[in-house]
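Protein sequence lines, in the order shown, are assigned to chains E and S. Position one of the first sequence corresponds to residue 1 (the working numbering), numbered consecutively onward. Position one of the second sequence corresponds to residue 390 (the working numbering), numbered consecutively onward.
Keep in mind that the hints were calculated from the coordinates and are not lab data. All residues carry an ideal CB built from backbone N, CA and C; glycine is no exception. The reader is advised that the hints may include incorrect statements.
Between beta-carbon pairs, the in silico distance windows are [unchecked claim]:
hint, chain 1, residue 1, chain 2, residue 2, range
1, E, LYS364, S, ALA580, 31 to 39 Å
2, S, VAL739, E, GLY290, 20 to 28 Å
3, S, THR689, E, LYS191, 50 to 58 Å
4, S, GLY720, E, GLN317, 50 to 58 Å
5, E, GLY353, S, THR396, 46 to 54 Å
6, S, THR689, E, GLY290, 25 to 33 Å
7, S, THR396, E, PRO206, 57 to 65 Å
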Amino acid sequence: MGEVNAGRDHAEFRREVREWLETNCPPEMRDGAAGESSICWGGTTWVFTCEAQKIWLDRCAARGFTVPTWPKAYGGAGLSRDEDKILKQEMQAIGARSPLDSFGIWMLGPALLKFGTEEQKLHYLPPIARGEIRWCQGYSEPGAGSDLAGVQTHAADQGETWLVNGQKIWTSYADRADWIFALLRTNRDAKKHLGISFVLMDMRSPGITTRPIQLISGASPFCETFFENVEVPKTQVVGTIDRGWDVAKYLLTHEREMISNGGNAMGSGRALGAVLTESETGQSDPVLRGDAMRAEVDSLAMAMTLERYKDQAEGGQGVGDASAMLKYMGTELNKTRLELIMAADGADALTWGDTPASSWLRTKANSIEGGTSEVMLSIISRRILNLPG
Amino acid sequence: MAKLIQTEEETLLSEAAHGFLSKSAPVSRLREMRDSGEHSDPALWQEMAAAGWAGVLVPEAAEGSDMGHAAAHVLAREMGRNLTVSPFLSTAVMAATLLRQFSDDSATSKLKQIAVGGLTYALALDETAKFSPDQVELTAESRGNGYVLNGKKRFVVDGCDADRILVLAKSDAGLCLFDLANKAEGLTQNALKMIDSRDAADLIFNDVEVSGEALLGDPGAGFDVLKPALEAGQAALAAETTGLAEAAFSLTTDYLKERKQFGITIGSFQALQHRAAHLWCEIELTHSAVLNAGRILDETPDQATLAVSVAKARATDTAQKSVQEGVQMHGGIGMTDEFDMGFYMKRARVAAEWLGDYGYHAGLVAQLRGF
Chain E
1 MGEVNAGRDH AEFRREVREW LETNCPPEMR DGAAGESSIC WGGTTWVFTC EAQKIWLDRC
61 AARGFTVPTW PKAYGGAGLS RDEDKILKQE MQAIGARSPL DSFGIWMLGP ALLKFGTEEQ
121 KLHYLPPIAR GEIRWCQGYS EPGAGSDLAG VQTHAADQGE TWLVNGQKIW TSYADRADWI
181 FALLRTNRDA KKHLGISFVL MDMRSPGITT RPIQLISGAS PFCETFFENV EVPKTQVVGT
241 IDRGWDVAKY LLTHEREMIS NGGNAMGSGR ALGAVLTESE TGQSDPVLRG DAMRAEVDSL
301 AMAMTLERYK DQAEGGQGVG DASAMLKYMG TELNKTRLEL IMAADGADAL TWGDTPASSW
361 LRTKANSIEG GTSEVMLSII SRRILNLPG
Chain S
390 MAKLIQTEEE TLLSEAAHGF LSKSAPVSRL REMRDSGEHS DPALWQEMAA AGWAGVLVPE
450 AAEGSDMGHA AAHVLAREMG RNLTVSPFLS TAVMAATLLR QFSDDSATSK LKQIAVGGLT
510 YALALDETAK FSPDQVELTA ESRGNGYVLN GKKRFVVDGC DADRILVLAK SDAGLCLFDL
570 ANKAEGLTQN ALKMIDSRDA ADLIFNDVEV SGEALLGDPG AGFDVLKPAL EAGQAALAAE
630 TTGLAEAAFS LTTDYLKERK QFGITIGSFQ ALQHRAAHLW CEIELTHSAV LNAGRILDET
690 PDQATLAVSV AKARATDTAQ KSVQEGVQMH GGIGMTDEFD MGFYMKRARV AAEWLGDYGY
750 HAGLVAQLRG F
């Protein structure tokens with residue numbers, strides 16, 4: 001429903017953007033592809049799928065369009081949200097792919113913009129914007145999943161440096177990342193939320209190893225990451241030492257909004273309507289049609305809710321704890337959508353390859369990663385509804 | 390481009406409405422009316438008119454406050470919270486939206502009367518147990534300068550007490566919309582004893598003669614004339630129903646914080662916490678859909694169908710969830726007449742059917758989304 005609120009007073013900007021896209025977006029990058037296989041993640045290990053993917057990234061990066069709302073000094077284009085929305089609309093109109101997606105853009109960038117020093121921003125943000133450095137996120141541990149503040153990977157104080165030992169799990173693409181941002185236990189004596197620091201580490205540091213985990217979807221986007229006597233300079237802390245939980249909480253809120261907004265793990269972008277119209281089952285099965293109608297009504301209301309919270313955030317009222325609602329409803333609706341797509345495609349969906357099967361399986365993690373649905377409901381119940389205990 | 394958040398004016402309006410309604414027309418007033426067999430409150434409507442609510446969609450040229458649909462939704466939501474009984478939806482929202490499409494003296498004079506609370510309307514639409522406004526069997530036969538109406542309309546909300554009736558009839562030229570006095574000769578109102586204790590009637594048209602001026606718009610254009618009014622009504626009803634869902638939910642969470650069993654407040658049980666939290670999420674989504682419908686009706690009313698149907702479908706569903714969870718989480722007391730939850734449940738059921746149920750609106754959404 002975004003088009004309904006499209007800016008009328010930004011005609012000039014829209015024309016500019018349209019012209020720029022027309023000139024700069026290679027035809028191969030206009031196929032409307034979205035989802036895991038078409039994403040450009042960047043980084044030193046990245047192998048471009050074609051020349052056009054590299055051209056598209058470089059041109060966008062030069063214009064600040066990989067991170068349109070970041071300030072120009074850090075590699076962005078300094079766009080307002082309205083302008084950003086217009087850019088997205090115009091890209092969508094020609095089926096343009098996203099030039100670059102990464103945890104640097106989604107997660108670390110916002111954390112640095114809020115908590116980083118000027119030096120850190122200038123050092124770390126531009127390579128993210130240019131797609132040169134790929135980041136991964138080291139949060140969960142085998143013993144700290146939903147209870148994230150229970151992280152035990154330890155950073156021992158050695159004066160100028162820390163000595164890191166421990167293990168992370170579910171580290172997305174750790175095997176292909178250049179750097180990691182992680183939550184480390186820097187104080188074992190403090191209460192568990194008050195002894196954690198948010199630390200940046202070069203994945204090539206001696207002592208870091210990774211091992212991919214094969215998932216039910218057949219893919220291995222997640223890894224175990226091991227730290228054995230890894231030396232880390234103390235300048236690589238974001239925010240205050242021992243107060244990394246503040247950064248983590250901010251990022252978790254951000255991550256929840258992002259996931260609900262259709263992050264990369266949300267699977268096939270096919271609209272339900274199109275799926276039902278294309279498939280025989282979708283035409284003939286009244287129960288499936290009914291379920292799809294319900295899902296369509298709900299996802300339209302969800303889209304309006306995202307719009308409303310963005311408007312609210314822009315007006316200075318943060319989204320805050322309501323991000324738990326966005327994450328919970330967005331991911332549950334997305335799981336439903338993929339279930340319906342599977343049902344509509346029938347036996348055609350039951351093979352590996354060019355079918356929705358792996359997307360469908362991938363979406364099952366949506367309501368686990370970034371905080372489970374149950375954790376989200378508990379957050380709402382405690383912090384928004386003020387129910388006891 | 391209006392944002393999907395309340396403006397300052399809307400917040401002020403909602404606070405004023407809240408203050409007024411919680412004093413003058415709370416749920417206890419509905420209970421009183423039910424117990425005494427009244428189903429309308431003309432004095433209350435006069436107060437609402439004085440506050441500019443009756444003229445909320447009447448143009449300033451016809452002396453209305455013309456605050457727009459989003460503002461009407463703010464008022465409807467507060468009425469929903471308090472289960473306030475009034476001709477607001479039929480008259481101030483639907484009839485006003487319909488009549489303001491015309492600029493003749495007759496329409497202007499009616500709009501003026503609506504704005505001062507001097508004229509009320511009911512829309513006679515349904516002919517079967519389900520809403521399907523373009524399936525019309527009631528006939529309009531040309532006779533001399535005018536028409537003769539024969540047939541039956543069911544579940545006409547405000548059908549007993551409204552001064553005038555807007556009725557869709559089938560003529561040789563197609564559907565025609567007529568505006569006639571509710572006291573016309575040959576027109577009988579069979580009052581319905583509704584579960585929500587409000588005014589509704591079946592109307593029997595037996596050789597009801599109307600003049601040519603009673604026809605609104607061209608012969609055959611009846612549904613086109615009606616459509617904007619229907620959509621405005623559906624969206625405002627969605628707003629009312631959202632308010633209802635919120636109020637029922639708020640009763641429920643208050644109870645969860647106060648009721649003790651097994652020595653602790655039941656709100657500390659995760660089984661109930663998660664159901665309450667889920668319901669809150671549902672209400673949030675529905676609230677967004679209603680806000681969106683209001684913005685679109687104010688900005689591009691001819692493109693509002695999808696937004697309105699999403700809002701009405703969502704509000705219908707959410708209100709029913711809210712009252713059902715409300716009764717269940719209250720346990721036995723939720724089943725008693727003494728407690729208000731039943732009033733919310735009964736109104737939610739009637740509002741679910743009025744102007745199109747979940748299936749009707751979800752079907753429209755699917756159609757507009759290409760399946």
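Verification of the supplied hints:
1. E:LYS364 - S:ALA580: 31 to 39 Å: Hint violated: Cβ distance 55 Å, outside 31 to 39 Å.
2. S:VAL739 - E:GLY290: 20 to 28 Å: Roughly 23 Å apart at Cβ, these two residues keep to the hinted range, so it holds.
3. S:THR689 - E:LYS191: 50 to 58 Å: This hint holds: roughly 54 Å between Cβ atoms.
4. S:GLY720 - E:GLN317: 50 to 58 Å: 37 Å, violated
5. E:GLY353 - S:THR396: 46 to 54 Å: Given about 52 Å between the Cβ atoms, the range holds.
6. S:THR689 - E:GLY290: 25 to 33 Å: 30 Å, holds
7. S:THR396 - E:PRO206: 57 to 65 Å: 59 Å, holds
In terms of the numbered hints stated before, the structure departs from hints 1, 4, listed from lowest to highest.
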